[in-house]
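> Sequence order for the protein chains is A and B.
Position 160 of the first sequence, counted from 1, bears residue number 160 in this note's numbering, the numbering being contiguous throughout.
Position 80 of the second sequence, counted from 1, bears residue number 80 in this note's numbering, the numbering being contiguous throughout.
Among the hints, erroneous ones may be present.
[Said to hold, decoys possible] Okay, derived cross-link-like pairs now, DSBU-like style, lysine-lysine, Cα gap no bigger than 30 Å in a straight line:
#	chain 1	residue 1	chain 2	residue 2
1	A	Lys325	A	Lys54
2	B	Lys20	B	Lys47
3	A	Lys202	B	Lys18
4	A	Lys202	B	Lys63
5	B	Lys18	A	Lys325
6	A	Lys239	B	Lys63
7	A	Lys167	B	Lys273
8	A	Lys167	B	Lys197
[Claimed, not checked] Derived, one-sided and incomplete: chain A residues facing chain B with beta-carbon distance under 7 Å:
#	residue
9	Leu34
10	Ser204
11	Gly360
12	Gln368
13	Ser430
14	Ala434
[Unchecked claim] A few chain A positions that, by computed beta-carbon distances, are all more than 12 Å from chain B:
#	residue
15	Tyr29
16	Glu30
17	Thr106
18	Arg139
19	Gly170
20	Glu267
21	Tyr357
22	Phe371
23	Gly382
No lab work stands behind these hints, which were simulated from the structure alone.
Even glycine gets a Cβ: it sits at the ideal position worked out from N, Cα and C.
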Amino acid sequence: MHNLIETAKQQVDQAELYWNRAHTISVRYENGRLQQIAENDLSSVALRIIDGGKMGSTFAVSPDQPGLIEQAKAAAAHGDPATFSFAPAAEYPSVDGYDPATGRLTSDELVALAESALEAIRSRRSDLSLLADAELEHRELAIETTEGAKGSFETSDISLSFGAPIKGAGMGVYKWRGAVSPFARPDELIDEFIEWYGWTEKISTPSTGRLPVIFAPDAAFLYLLPLWAGIEGSAIEKKTSPLVDRIGEQILSERLTIIDDPTAPGELGARPFDDEGVPCQRRALIENGILNGYLLDRRTASALGQTSTGNAVKRELFGSGTETKPNPWPIRITIDPGETSYRKLIDDLDEGLLIYYGMGFHSGNYPQGQFAVQAIGFHIKGGDVVGRLDKTMVSANIYEDFRRIRAVSAERGPSLAFLNSTTPYVLVDSLQVAGA
Amino acid sequence: MIIYDLLVVNIVGTIVTKAKGVVQRVRFAFGGDADYTRVLDRDEELKERIEFARQLPHAEPAKAGLYPVILDPSEAGLFIHEAFGHLSEADGLQNNPAFRERLQLGTPLAKPLLNVTDDPALPGLPGTYEIDDEGVRGAKTRLITEGILTGRMHSRETAAEFGEPLSGNMRAVDAHFTPLVRMSNIFIESGESSFDKMVASIEDGYYLVGAKGGQTSGDQFTFGAQWGYRIENGRLGPMVRDINMSGELFSTLEAISMIGNELAFAERGGCGKGGPQQLNRKSGKGAPHIKIDRVTIGGV
């Protein structure tokens with residue numbers, strides 16, 4: 001037991017120590033030139049306590065910093081009433097999300113990876129203003145509570161993103177690859193970048209009306225974030241979610257099975273326990289379109305008279321980190337693949353859109369399942385991509401429009417650094433499009 | 001040695017209302033600078049905001065399409081901050097040859113009625129300060145003068161690289177971060193049109209009220225409004241909900257055809273920039289009502 005928890009046991013009702021240490025290296029290229037190399041070793045600590053029936057917390061760089069318990073007690077004097085307890089002892093699943101080979105990589109090797117990708121692009125498109133980021137993180141997380149929870153794990157994460165702004169437009173085409181272990185230059189991703197960039201060189205704006213829309217994996221956040229807002233425990237507790245009392249009901253197309261899979265071995269984002277020390281579990285959130293359950297941390301579980309689902313994450317819509325309080329989030333989203341190739345989804349469309357990003361998501365009424373975003377992607381006519389979208393908005397309510405999904409692709413890909421998700425291309429039958 | 005205090009008092013919140021299965025959210029924010037008394041005795045304004053929130057679930061959603069719009073000062077301030085202001089911060093242009101070429105000083109960007117300024121010396125606003133984090137005195141910068149691009153915000157490094165005057169805009173939110181070039185108080189200067197005259201000039205459009213966040217990338221933007229109103233045959237019509245607009249900066253600046261005569265600043269500041277992101281509360285924005293002849297509205 002860490003000294004801080006040992007001491008806290010004598011001084012407060014309950015305590016929870018969260019200690020995150022990370023070694024990161026990042027390499028950034030702008031306009032094709034190496035712009036910045038940064039290497040950081042960071043340690044951050046959050047101490048939460050329950051004292052006199054009230055919550056208090058404090059933050060520091062080390063648990064050995066003097067005065068932490070006193071600071072948390074001072075905060076608790078004015079804190080919210082404690083409505084739950086910190087995590088008890090538990091058995092954690094074995095999850096292997098760390099490769100020492102990633103931890104040993106140097107900035108020179110990240111530079112070489114990024115240079116190699118940029119050179120491969122330059123050899124085919126010397127006219128682009130290229131951007132690239134190569135990053136690695138070796139992270140160690142330890143959690144301990146006065147109630148008996150105690151655990152630690154290590155993760156490694158290496159990622160490469162590259163792309164270029166579209167000439168004459170604000171957006172760009174970007175590709176991303178991330179893994180637990182070092183990887184070679186992703187040539188198939190470079191091929192896809194070259195093809196997609198080529199598609200941007202003509203503009204084609206659809207007419208205003210309803211059209212089928214293919215959501216590429218990078219655009220999956222447009223429907224996954226409204227779904228998160230509908231199934232996270234505090235929206236259920238406050239009864240502001242449209243999914244209150246709807247477990248067991250068909251809420252999305254039967255073609256969608258959405259799983260939170262934090263314990264998949266060797267996968268990016270896999271972890272044995274959440275940010276409150278509760279064991280993580282593989283769970284189907286949506287099974288063939290039917291709502292299976294909500295995402296709960298210890299506070300919302302207590303409020304709803306249930307148990308935590310192991311989904312407490314120090315994250316908000318905009319921001320995350322040690323100083324962020326835990327909230328219910330999915331940890332590693334995967335969507336089951338379908339049987340159709342994504343090329344065939346395009347080939348079979350008389351007219352429609354393929355979108356890989358939507359701008360302005362958070363301005364919409366997403367807690368109700370809605371979004372209205374500027375669509376970044378391509379216009380398809382007669383089974384061919386005829387150009388990039390310009391000044392085009394797409395609006396949807398996922399609980400209406402995503403009941404009618406025409407097909408889900410066999411291929412899956414990551415959503416650009418979003419929730420470590422792995423999703424297929426999803427073809428929605430008809431969405432409202434505002435174009436020319 | 002320069003020593004100064006950074007103190008901001010804010011109260012922010014969201015009012016959630018539900019009727020007929022429709023849930024709506026309306027935000028409020030009081031404060032914005034070091035004067036604590038500004039957050040006191042605001043009950044009547046809060047009640048007024050609650051009343052709007054009560055009405056909103058009963059409103060119809062906006063209809064998708066291309067429309068002329070009027071933006072209220074809050075939404076117009078957000079537009080000029082997000083869509084134009086960030087492209088006037090020189091660090092964002094340093095390694096972006098396409099926009100650097102397009103945004104050379106002297107370039108005509110809008111009709112002569114548009115004037116945009118960044119000014120850290122205006123008293124009592126969220127983005128007010130004396131000295132930036134490189135020790136440079138914050139200066140008033142005329143960014144657009146009678147429709148022509150006339151100025152830019154700089155650090156010492158970018159001012160030297162661009163061969164333009166120091167502006168004192170290099171700021172970090174605290175000592176953990178490297179300073180970035182940031183707007184202080186950016187605003188569209190007052191014009192001559194009355195609000196009624198603007199409404200009367202529109203046959204079929206929308207009036208967007210209250211900034212609800214937005215996103216930009218290069219010259220593309222998307223913004224939400226807290227609520228809006230239909231404008232039909234020159235008259236304000238019923239309230240609408242779920243209204244977002246998007247467009248492209250340069251064509252939208254050209255499409256600003258009327259500017260109101262009552263400049264108002266947002267009470268609370270806020271701006272996210274950088275990686276890792278620095279959320280700067282000391283950032284102000286303002287505008288009068290403005291009319292834009294054509295933007296894309298997302299909706300049903």
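> Look at each hint and say if it fits the structure.
So, going through the hints one by one against the coordinates:
1. A:Lys325 x A:Lys54: Given pair lysine 325 of chain A, lysine 54 of chain A holds - Cα atoms ~15 Å apart, limit 30 Å.
2. B:Lys20 x B:Lys47: It holds: about 22 Å lies between the C-alpha atoms, which stays within 30 Å.
3. A:Lys202 x B:Lys18: Violated, because 44 Å separates the two Cα atoms, which is more than 30 Å.
4. A:Lys202 x B:Lys63: Roughly 28 Å between the alpha carbons, so the hint for lysine 202 of chain A and lysine 63 of chain B holds.
5. B:Lys18 x A:Lys325: Answer holds: lysine 18 of chain B to lysine 325 of chain A is near 27 Å, not above 30 Å.
6. A:Lys239 x B:Lys63: Roughly 28 Å between the alpha carbons, so the hint for lysine 239 of chain A and lysine 63 of chain B holds.
7. A:Lys167 x B:Lys273: Measuring from Cα to Cα gives roughly 23 Å; hence the hint holds.
8. A:Lys167 x B:Lys197: With a Cα-Cα distance of about 39 Å, the restraint between lysine 167 of chain A and lysine 197 of chain B is violated, given a limit of 30 Å.
9. Leu34: Hint violated; leucine 34 of chain A Cβ to chain B Cβ min 11 Å, cut 7 Å.
10. Ser204: For serine 204 of chain A, the interface hint is violated, since the closest Cβ of chain B sits about 15 Å away, which is over 7 Å.
11. Gly360: 3 Å, holds
12. Gln368: 5 Å, holds
13. Ser430: Hint on serine 430 of chain A: violated, closest Cβ of chain B at ~12 Å, above 7 Å.
14. Ala434: This interface hint holds because 4 Å falls under the 7 Å limit.
15. Tyr29: 9 Å, violated
16. Glu30: Given a closest Cβ separation of 4 Å, the condition is violated.
17. Thr106: 22 Å, holds
18. Arg139: At roughly 15 Å from the nearest Cβ of chain B, arginine 139 of chain A sits farther out than 12 Å, so the non-interface label holds.
19. Gly170: It is violated; glycine 170 of chain A is separated from chain B by about 3 Å at its closest Cβ, not greater than 12 Å.
20. Glu267: 25 Å, holds
21. Tyr357: With a cut-off of 12 Å, tyrosine 357 of chain A comes too close to chain B, as the shortest Cβ separation is near 9 Å.
22. Phe371: 9 Å, violated
23. Gly382: 24 Å, holds
Taken one by one, the earlier hints fail for this structure at numbers 3, 8, 9, 10, 13, 15, 16, 19, 21, 22, listed in ascending order.
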